[in-house]
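Protein chains in written order, with full-length UniProt numbering: chain L, 1 to 324; chain B, 1 to 277; chain Y, 1 to 441.
It is possible that some hints are incorrect.
Stated by the list, open to error - The calculated lysine-lysine pairs, modelled on DSSO-like cross-linking and capped at a C-alpha distance of 27 Å, are: (1) B:Lys-211 with Y:Lys-220; (2) Y:Lys-153 with Y:Lys-117; (3) B:Lys-260 with B:Lys-226; (4) Y:Lys-436 with Y:Lys-15; (5) Y:Lys-418 with L:Lys-70; (6) L:Lys-316 with Y:Lys-439; (7) L:Lys-316 with Y:Lys-436; (8) L:Lys-7 with Y:Lys-15; (9) Y:Lys-2 with L:Lys-204; (10) L:Lys-319 with Y:Lys-259; (11) Y:Lys-15 with B:Lys-99; (12) Y:Lys-2 with Y:Lys-321.
Claimed, not checked - Some residues of chain L that are not near chain Y, with every Cβ distance over 12 Å (derived): (13) Tyr-10; (14) Phe-13; (15) Leu-63; (16) Met-166; (17) Lys-181; (18) Trp-200; (19) Met-257.
To be clear, the hints were calculated from the coordinates, so they are not data collected in a lab. Ideal Cβ placement from N, Cα and C applies to all residues, glycine included.
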Amino acid sequence: MEPVKLKVSYAPFVRSKDSIESVMYNVALALFPATAMSVYYFGIPALLVTITAIASSVGFEWLTDKIRKKPDSCLDGSAVVTGLLLALNVPSSLPLWMVVVGSFVAIVVTKHLFGGLGFNIFNPALVARVFLLISFPVAMTSWAVPFAVDMQTAASPLGILKTDGMAALSNFSYMDALLGKTGGSLGETSVLALLFGAAWLFYKRYITISIPLSFIASTLAFTGIFYLIDPTTYASPLFHFLTGGLVLGAFFMATDMVTSPLSLRGQLLFGIGCGLLTAVIRLWGGYPEGVSFAILIMNSLVPLLDKWDLDEIKAKKQKSLTTA
Amino acid sequence: MISEAFIPAVTSLGSLALILGIIIYFVSKKFYVAEDPMVTIINGILPGVNCGACAYPSCNQFAEELVRTKDTTMTCPVGGADLAAKLGESLGIEMAEPKPVTCAVICQGNSDNARASAEYVGIQDCWAAMQAFAGPKQCRHSCLGLGSCIAWCDFNAMRIENGLIVIDKDLCTGCGACVPACPTGVLVMQQKKAERIFIACNSHDRGADTKRACDAGCTACQKCVKVCPEEAIVIENFVARIIQEKCTACGKCLEVCPSKVNCIVLEKDMVKSTNAS
Amino acid sequence: MKTFTIGGIHPPESKLTASKAIEKMPVPSEIVVSMSQHLGKPAKPLVKVGEEVKKGQRIGEADGFISAHVHAGTSGKVKSVKSVPHPGGNYSLSVTITTDGEDAWAEGLNTAPIDWKGLSKESIIERIKDAGIVGMGGAGFPSSVKLSPPPDKTIDTIILNGAECEPFLTADHRVMVESAEEVIKGLEIITSLFQGKAKPFIGIEANKPDAIAAMKKAAKGTGIEIVTLETKYPQGAEKQLINAITGRTIEEGQLPFDKGCLVHNIGTAVAIYDAVSCNRPLVERVLTVSGMEISSARNIRAVIGTRFSDIAAFSGGISEKTNQVITGGPMMGRSQFTLEVPITKTTSGILFINNAGLESSRERTCIRCGKCIDACPQGLEPWLLGNEAQFRRLDEAELYGLANCTECGSCTFVCPSKRELVHWIKYAKALVNNRKQRKTA
Chain L
1 MEPVKLKVSY
11 APFVRSKDSI
21 ESVMYNVALA
31 LFPATAMSVY
41 YFGIPALLVT
51 ITAIASSVGF
61 EWLTDKIRKK
71 PDSCLDGSAV
81 VTGLLLALNV
91 PSSLPLWMVV
101 VGSFVAIVVT
111 KHLFGGLGFN
121 IFNPALVARV
131 FLLISFPVAM
141 TSWAVPFAVD
151 MQTAASPLGI
161 LKTDGMAALS
171 NFSYMDALLG
181 KTGGSLGETS
191 VLALLFGAAW
201 LFYKRYITIS
211 IPLSFIASTL
221 AFTGIFYLID
231 PTTYASPLFH
241 FLTGGLVLGA
251 FFMATDMVTS
261 PLSLRGQLLF
271 GIGCGLLTAV
281 IRLWGGYPEG
291 VSFAILIMNS
301 LVPLLDKWDL
311 DEIKAKKQKS
321 LTTA
Chain B
1 MISEAFIPAV
11 TSLGSLALIL
21 GIIIYFVSKK
31 FYVAEDPMVT
41 IINGILPGVN
51 CGACAYPSCN
61 QFAEELVRTK
71 DTTMTCPVGG
81 ADLAAKLGES
91 LGIEMAEPKP
101 VTCAVICQGN
111 SDNARASAEY
121 VGIQDCWAAM
131 QAFAGPKQCR
141 HSCLGLGSCI
151 AWCDFNAMRI
161 ENGLIVIDKD
171 LCTGCGACVP
181 ACPTGVLVMQ
191 QKKAERIFIA
201 CNSHDRGADT
211 KRACDAGCTA
221 CQKCVKVCPE
231 EAIVIENFVA
241 RIIQEKCTAC
251 GKCLEVCPSK
261 VNCIVLEKDM
271 VKSTNAS
Chain Y
1 MKTFTIGGIH
11 PPESKLTASK
21 AIEKMPVPSE
31 IVVSMSQHLG
41 KPAKPLVKVG
51 EEVKKGQRIG
61 EADGFISAHV
71 HAGTSGKVKS
81 VKSVPHPGGN
91 YSLSVTITTD
101 GEDAWAEGLN
111 TAPIDWKGLS
121 KESIIERIKD
131 AGIVGMGGAG
141 FPSSVKLSPP
151 PDKTIDTIIL
161 NGAECEPFLT
171 ADHRVMVESA
181 EEVIKGLEII
191 TSLFQGKAKP
201 FIGIEANKPD
211 AIAAMKKAAK
221 GTGIEIVTLE
231 TKYPQGAEKQ
241 LINAITGRTI
251 EEGQLPFDKG
261 CLVHNIGTAV
271 AIYDAVSCNR
281 PLVERVLTVS
291 GMEISSARNI
301 RAVIGTRFSD
311 IAAFSGGISE
321 KTNQVITGGP
331 MMGRSQFTLE
341 VPITKTTSGI
351 LFINNAGLES
361 SRERTCIRCG
371 KCIDACPQGL
381 EPWLLGNEAQ
391 FRRLDEAELY
401 GLANCTECGS
411 CTFVCPSKRE
421 LVHWIKYAKA
431 LVNNRKQRKT
441 A
């Protein structure tokens with residue numbers, strides 16, 4: 001018999017088809033409907049912001065890999081997803097150089113300075129968004145009007161609510177909010193398109209229902225209580241669901257694998273914490289929108305939530321050792 | 001007014017500092033740990049690498065034990081004779097002189113000498129490879145060449161060269177930390193000598209099998225045993241071994257070894273002079 | 001449909017040989033009978049070079065309590081007694097026999113079937129021990145030891161493992177279809193040892209409807225319950241199978257008999273029947289020869305000691321693309337470094353594959369997706385154990401349940417970062433073992 005060159009490795013010899021790439025590119029694919037909708041509403045500027053964000057993220061990833069002397073990870077999809085999420089978190093009218101600054105904060109500061117993919121504590125795109133929001137507040141809150149001919153801007157529904165109160169929302173249309181025909185950042189607009197993408201991720205089992213469900217449910221419950229107390233001052237839960245970044249945050253940002261807890265209990269607590277913080281910031285905070293702050297605050301608690309589970313495993317084992 | 005801004009700030013911060021200072025003073029009194037100043041001195045002399053060669057987990061513990069017992073037989077293999085003299089001087093006792101040892105690799109199965117079996121793909125660590133199969137070389141007693149031991153060496157004295165572990169004699173302190181890290185047992189500690197001869201083969205396979213697997217293998221041919229005037233060479237479990245106490249490094253065995261690559265190795269150690277003090 | 005409660009995965013089944021009848025492979029010109037085909041100490045060889053042996057002659061004596069006798073697979077002359085490669089990945093002392101082609105049984109063996117119901121419990125166990133029967137599913141625990149649990153343990157459940165959850169393997173499946181009668185009789189012998197106090201079950205995964213039908217037909221009127229199990233890996237692992245059928249959980253450090261259970265393999269049951277009623281020692285077994293790189297994948301009945309190279313030649317040869325040869329299934333099997341290794345009592349299959357993943361597999365960092373936690377049938381945190389192992393924090397790893405891992409490989413299978421989780425766990429186990437040995441030494 002002809003000799004064959006054998007290679008030895010350790011079991012198992014079959015592996016699932018899942019990889020970092022498949023996870024990341026599926027998330028990117030799931031965000032495609034929302035991106036397409038925003039380009040449809042906001043036109044070429046939205047497209048430019050998206051392309052700039054993705055390209056600069058991938059570029060920074062490549063550059064940091066070179067500096068850190070790590071194997072190339074710029075095409076593993078994580079930078080693409082970060083760039084895309086960043087684009088969906090900023091207004092279409094944002095100057096492109098600010099988008100590049102955002103990508104730098106996301107990729108270099110938030111991800112690689114903490115050790116790269118898998119070690120970052122905070123969601124990179126959200127840190128970039130908050131960084132931009134604090135640094136360039138005017139540019140970050142000048143929302144383009146859908147189908148605008150010139151660079152016409154308007155406030156987002158949540159912004160109107162914050163500054164002018166319920167009375168100013170008399171001509172708010174739930175249908176427009178569902179389809180995304182409102183002012184807002186690229187991804188905050190069409191709830192329908194976002195839910196469509198999230199359904200794909202559930203189908204592919206890349207996200208679990210626990211975080212989005214507890215996140216959204218606690219936001220709705222909390223805002224609902226105050227709506228019932230005083231409907232003239234507080235907006236309805238449905239309004240809170242359809243406006244701002246709640247759906248984007250709950251399905252695509254809070255579920256980021258790296259920065260969310262591992263156990264079901266941790267995930268539920270994480271989701272509830274995000275939801276309550278979002279509602280509190282929206283109702284009484286200084287900013288009209290609280291999703292990004294809420295997720296980032298809860299991100300910082302993830303190591304603690306995980307440690308809680310692990311300490312329980314350890315304690316159980318130590319107990320069995322002492323009794324044995 | 002300046003006083004309006006200053007006085008509350010200065011008084012509040014000042015009193016806070018005062019109170020904290022008092023608390024710290026009492027805490028440091030209350031929880032003061034009495035430590036023999038000698039321990040600190042001894043600790044300063046010791047190498048401070050916490051290698052564990054002295055059988056104590058850290059240099060500090062060695063120092064504490066030495067100061068407490070004044071046991072003259074306690075030695076630090078890393079520091080050698082110089083250090084023993086210094087320790088004795090500080091403590092005013094005569095310390096026993098440590099026998100300097102060094103690490104020897106009893107395998108010459110590099111990529112040229114040893115024949116490879118199948119290619120190993122997976123975690124690059126000897127112990128991990130051993131979980132998958134007998135190792136990437138045909139000889140299962142050989143150095144696997146994946147370098148598990150390197151991480152255990154506190155002195156940066158080990159590296160992999162051509163699929164074989166190589167020890168830098170000048171850096172090796174003989175602490176012995178690497179010995180248990182080797183799954184095949186090719187690392188052994190040997191006493192340092194001006195000229196040290198040892199058999200660099202670990203193969204317990206029969207002669208024919210050893211020869212098939214490696215050019216530098218000891219086939220237990222007995223030639224060196226017969227030629228040795230000091231009867232310092234014995235065959236144990238299909239491999240020759242030199243009894244270092246008897247060996248005079250005459251070099252006769254080196255001439256008769258029939259292996260393609262001589263399996264007997266002569267090392268010239270730089271034995272540190274003992275009259276340094 | 002029953003299944004175990006936590007974890008589990010669905011690897012592609014790839015049962016290429018499910019409908020292929022078992023073929024008898026002719027005895028090759030040389031066989032290599034290893035002295036360690038079981039858990040525990042290797043057997044002591046009883047023959048010398050040049051000695052004539054008969055088929056079924058005992059050539060290795062069990063050494064110690066957990067050890068088993070070894071028998072010549074055919075008649076011939078002993079060529080050598082030395083250490084040779086073993087499918088376990090290492091070398092083991094083995095007797096190489098040049099066969100004479102007569103395949104003549106030693107005297108008193110392979111008799112006409114007798115009525116085993118007349119035999120006492122002790123003599124049944126003695127016959128099983130003499131035949132050198134070990135668990136043929138993979139672990140190779142001596143069956144005679146397993147069948148004599150300590151007197152303080154009451155066995156109320158006996159399970160035959162027909163799950164065969166590993167991809168590719170179909171040996172047990174074909175045995176159940178073709179030798180249903182023998183399987184049932186073997187199980188009846190096992191059950192009789194516990195004076196009818198134990199309830200017999202046969203657990204079969206739902207992807208083998210023909211085996212379920214055959215076993216149901218054969219089991220009619222015997223009191224044996226055939227349990228259809230969900231097709232899910234690792235359904236056939238001892239702890240998971242017990243959990244699926246009885247709902248009981250084997251805790252860390254416990255053995256099945258602590259929970260009143262006894263699990264045997266399908267092949268073992270047939271071997272027990274052969275040994276008890278026909279006085280036939282374990283000298284051949286059914287195994288699956290499969291994989292994408294073998295010309296004709298098939299189920300064969302081969303003499304124990306047949307080399308992989310002979311089996312590959314018998315199955316039409318292998319393609320040049322073969323880069324891995326695996327004993328057992330692809331989830332828990334071992335890859336071989338040479339084709340000169342022989343099959344043993346525990347070889348349930350040989351796979352010839354082209355593992356394309358080898359070239360591209362590079363461990364990446366954990367992205368904390370949690371898939372391994374969901375997959376682990378033991379409820380562990382494989383990502384954490386992998387990390388602790390990688391940085392050699394052995395005490396920590398032990399506290400997180402290192403010893404509880406059954407090495408089923410589900411975590412490595414699902415990991416999108418291609419981390420070698422089960423290998424790291426195995427690595428940590430080896431280091432822990434080594435540390436223990438050094439402490440006692």
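We went through each hint and held it up to the structure:
At roughly 62 Å between alpha-carbon atoms, B:Lys-211 and Y:Lys-220 are farther apart than 27 Å, so this suggested pair is violated. Distance check on the hinted pair: Y:Lys-153 and Y:Lys-117 sit about 24 Å apart at the alpha-carbon level, within 27 Å; holds. About 19 Å separates the Cα atoms of B:Lys-260 and B:Lys-226, which keeps this hinted pair within 27 Å; it holds. This hinted pair does not check out: Y:Lys-436 and Y:Lys-15 have alpha carbons roughly 41 Å apart, beyond 27 Å.
Our distance criterion of 27 Å between C-alpha atoms is met by Y:Lys-418 and L:Lys-70, whose separation comes to about 17 Å. At roughly 26 Å between alpha-carbon atoms, L:Lys-316 and Y:Lys-439 fall within 27 Å of each other, so this suggested pair holds. This hinted pair checks out: L:Lys-316 and Y:Lys-436 have alpha carbons roughly 23 Å apart, not beyond 27 Å. The suggested pairing of L:Lys-7 with Y:Lys-15 holds, with an alpha-carbon distance near 24 Å, which does not exceed 27 Å.
Proximity of Y:Lys-2 to L:Lys-204 is assessed by CA-CA distance (about 25 Å); at most 27 Å being required, the pair is judged to hold. Between L:Lys-319 and Y:Lys-259, the direct Cα distance comes to roughly 21 Å. Compliance with the 27 Å bound is thereby established for this hinted pair. Distance check on the hinted pair: Y:Lys-15 and B:Lys-99 sit about 64 Å apart at the alpha-carbon level, beyond 27 Å; violated. About 40 Å separates the Cα atoms of Y:Lys-2 and Y:Lys-321, which puts this hinted pair outside 27 Å; it is violated.
Not every Cβ of chain Y is farther than 12 Å from the Cβ of L:Tyr-10; the closest lies at roughly 4 Å, contradicting the non-interface assignment. Chain Y draws L:Phe-13 into its interface by the beta-carbon criterion, the shortest separation being 4 Å against a cut-off of 12 Å. Distance check on L:Leu-63: its Cβ is at least 19 Å (rounded) from any Cβ of chain Y, clearing the 12 Å threshold; non-interface status holds. Distance to chain Y confirms L:Met-166 as a non-interface residue, since its nearest Cβ pair spans about 41 Å, more than 12 Å.
With 12 Å as the threshold on Cβ separation, the claim that L:Lys-181 sits away from chain Y holds: the shortest Cβ distance comes to roughly 35 Å. Non-interface call for L:Trp-200 relative to chain Y: holds, since the shortest CB-CB distance, roughly 17 Å, exceeds 12 Å. A beta-carbon of chain Y comes within 12 Å of the beta-carbon of L:Met-257; the shortest separation is about 4 Å.
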